[in-house]
Amino acid sequence: MYLLNRIQRHRVNYTWMIVSLLLVASLPFLLFLGLYLKSFLLIHDYHLSDLLFSRVWKPGSGKFGFYPFIVGSIWVTLLAMLISAPICLLTSIYVTQYTRKRFLRIMHPAIDILAGIPSVVYGVWGILVIVPFISRFVGPLFGVQTLGYSILAAALVLSVMIIPFILNILIEVFRTIPVELKEASLSLGATQWQTVKSVLVKKALPGIIAAYGFGLARAFGETMAVLMVVGNVVKLPKSVFDPGYTLPALIANNYGEMLSIPKYESALMFAALILLAVSLFFNLVMHFFIDRYNKFSA
Amino acid sequence: MKLSGKIEEKVFKVLMVIATYSILAVLAIIIYSIFAKGIKALSWEILSQVPQGGYYYGKGGGILNAILGSLSLAFGATLLAFIVGLPVALYINVFLVRRKKLITLFRFILDLVWGIPSIVYGAFGFSMMIMLGLQTSLLAGMLTVTLFILPIMIRSMDEILQTVPIGLSEATYSLGANKSELAFKIFTRQTISGIITAILLSFGRAIGDAASVLFTAGYTDNLPNSLMEPVATLPLSIFFQLSSPVPAVQDRAYASALVLTLIILLVSLFSRGLGKRYHKTKINF
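These protein sequences, in sequence, are chains A and B. Per numbering that gives the first Met the number 0, the very first residue in the first sequence carries number 0; after that it's consecutive. Per numbering that gives the first Met the number 0, the very first residue in the second sequence carries number 0; after that it's consecutive.
Do not rely on the hints blindly, as some may be mistaken.
Derived Cβ-Cβ restraints for the label pairs, each shown as a range [said to hold, decoys possible]:
| hint | chain 1 | residue 1 | chain 2 | residue 2 | range |
| --- | --- | --- | --- | --- | --- |
| 1 | B | 27 | A | 59 | 45 to 51 Å |
| 2 | B | 132 | A | 98 | 53 to 59 Å |
| 3 | A | 253 | B | 6 | 53 to 59 Å |
Cut-off 27 Å, straight-line C-alpha distance, at most; resulting in silico cross-link-like pairs (DSSO-like, lysine-lysine) [stated by the list, open to error]:
| hint | chain 1 | residue 1 | chain 2 | residue 2 |
| --- | --- | --- | --- | --- |
| 4 | B | 5 | A | 100 |
| 5 | B | 58 | A | 201 |
| 6 | A | 100 | A | 202 |
Please keep in mind that the hints were generated in silico from the structure rather than gathered at the bench. Idealized CB from N, CA, C, for every residue including glycine.
Generate the whole structure from the sequences, applying the supplied hints.
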């Protein structure tokens, strides 16, 4: 019935497992090595500090200053976090502490759908709704003339995109807090709100910080939606209504031309390397943070 | 003191309600604006034809090339990711079940890989392509997307495999089965609904991601017919059509966005339905 006997099949399966495992486990190192080798040309010829902090971006004449892109990325990411962090925290407390279980059953599909909507569709939505909203209402409200394609637009779209991501973690964090803790606080005469404020949030603080950290890393690397609404102008932004440029958008926008100019490809791979480093760094730090916290609380 | 506490609670409760319902409202706005704008331009012609000459200046044709391209690319990538991902998830949960430190390490690596932005995979895939002397092609796009969805696939399978009770493993061993039989014959059957959910989740990610295929899959007006030729994808077709100055072409971008959203919603609905259905075959302890 079978081609191989049991032991042989076990061996085949085992090899298949080990090979796959090694492939997956080596993936972060492969990515890092590959991008490093590709950007070596650039790192070798320029000072790292020049690359990171120079403001001049003229690939044609060999000037590669990533500063405007890095600043643009940081603005967009921080602004997006500023918008979604309080919303996620409030919502996660509300759905875990103040509503019935049934409400979570409505909330979960909604979060899943938000998480599943592709980046490009968020971009389309940004162009349809957010960009006109900013140019017609928010801009005039602050007395600014703007096309709408701006840091603010990108941050707004991005904040919606990372909400499901952060919210899922936060809901999980609040749900895993032992119910005894809450009961003890309530039995001492604390009100529900006092319990939430001084027991639950305090207990969940490491988890909350980690959720924000993961969200931040995710936001930093988001490409298509940001690219579509951020304006793509290589300039240091002075206000949130200015157009900007982010690192992922830089890579995505220039893939066509990069082969014609020397070192251009290298420069874009360097941008990818920065993104990879930021993502790995944030995730590493947050994981160690959670681990340490778990050790102390257990 | 007491009064201010009550006021504080009231204020925060109002804020919480606002935050929660604003998320639901934003979701409704997104869905509504995509549908309202897309439905107007959607027609049978768009769904059933490839771009004709002058398509990008507003002449006739459709996005069948992108729809089929995206489906074949996502299907291939999901299949590859499944072939590599399932054994990894099973290995972690069956072979390493007593090595807690190794398990933590592998889960940690998987979480790291999951966090890497898709544009980095795109750039990496592109540089590998150049290194190997390959052209932008369906195959290159597929491989890149496979890398991108692998951690998603493995971690979601891993989550469900963790729920298999130890008693089931013990019962299987006591009948004389070896570890890979336990993995492939028992664990996979017990968690089939979760595995299907993981596959559909990865498929959804694969079909919706643009940044990783931007460099690697290329773009073409033809239907996909070979692994070694460029292939059109829906996210990129939306992106390209939207950057056109011609309003008629932009409208088609909205229609394409609607098509992509519908596919994603369908996949998500499907995975919920299937998950419920296979729940019944599970052994409960």
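Taking the hints in turn, this is what the structure says about them:
1. B:27 to A:59: 45 to 51 Å: holds (47 Å)
2. B:132 to A:98: 53 to 59 Å: holds (58 Å)
3. A:253 to B:6: 53 to 59 Å: The hinted range 53 to 59 Å holds for residue 253 (chain A) and residue 6 (chain B), with Cβ atoms some 54 Å apart.
4. B:5 to A:100: Roughly 25 Å separates the two Cα atoms, so the pair holds.
5. B:58 to A:201: Violated. Residue 58 (chain B) to residue 201 (chain A) sits at ~61 Å, over the 27 Å cutoff.
6. A:100 to A:202: The given pair, whose Cα atoms are some 22 Å apart, holds under the 27 Å limit.
The structure fails hint 5 only (numbered hints given earlier).
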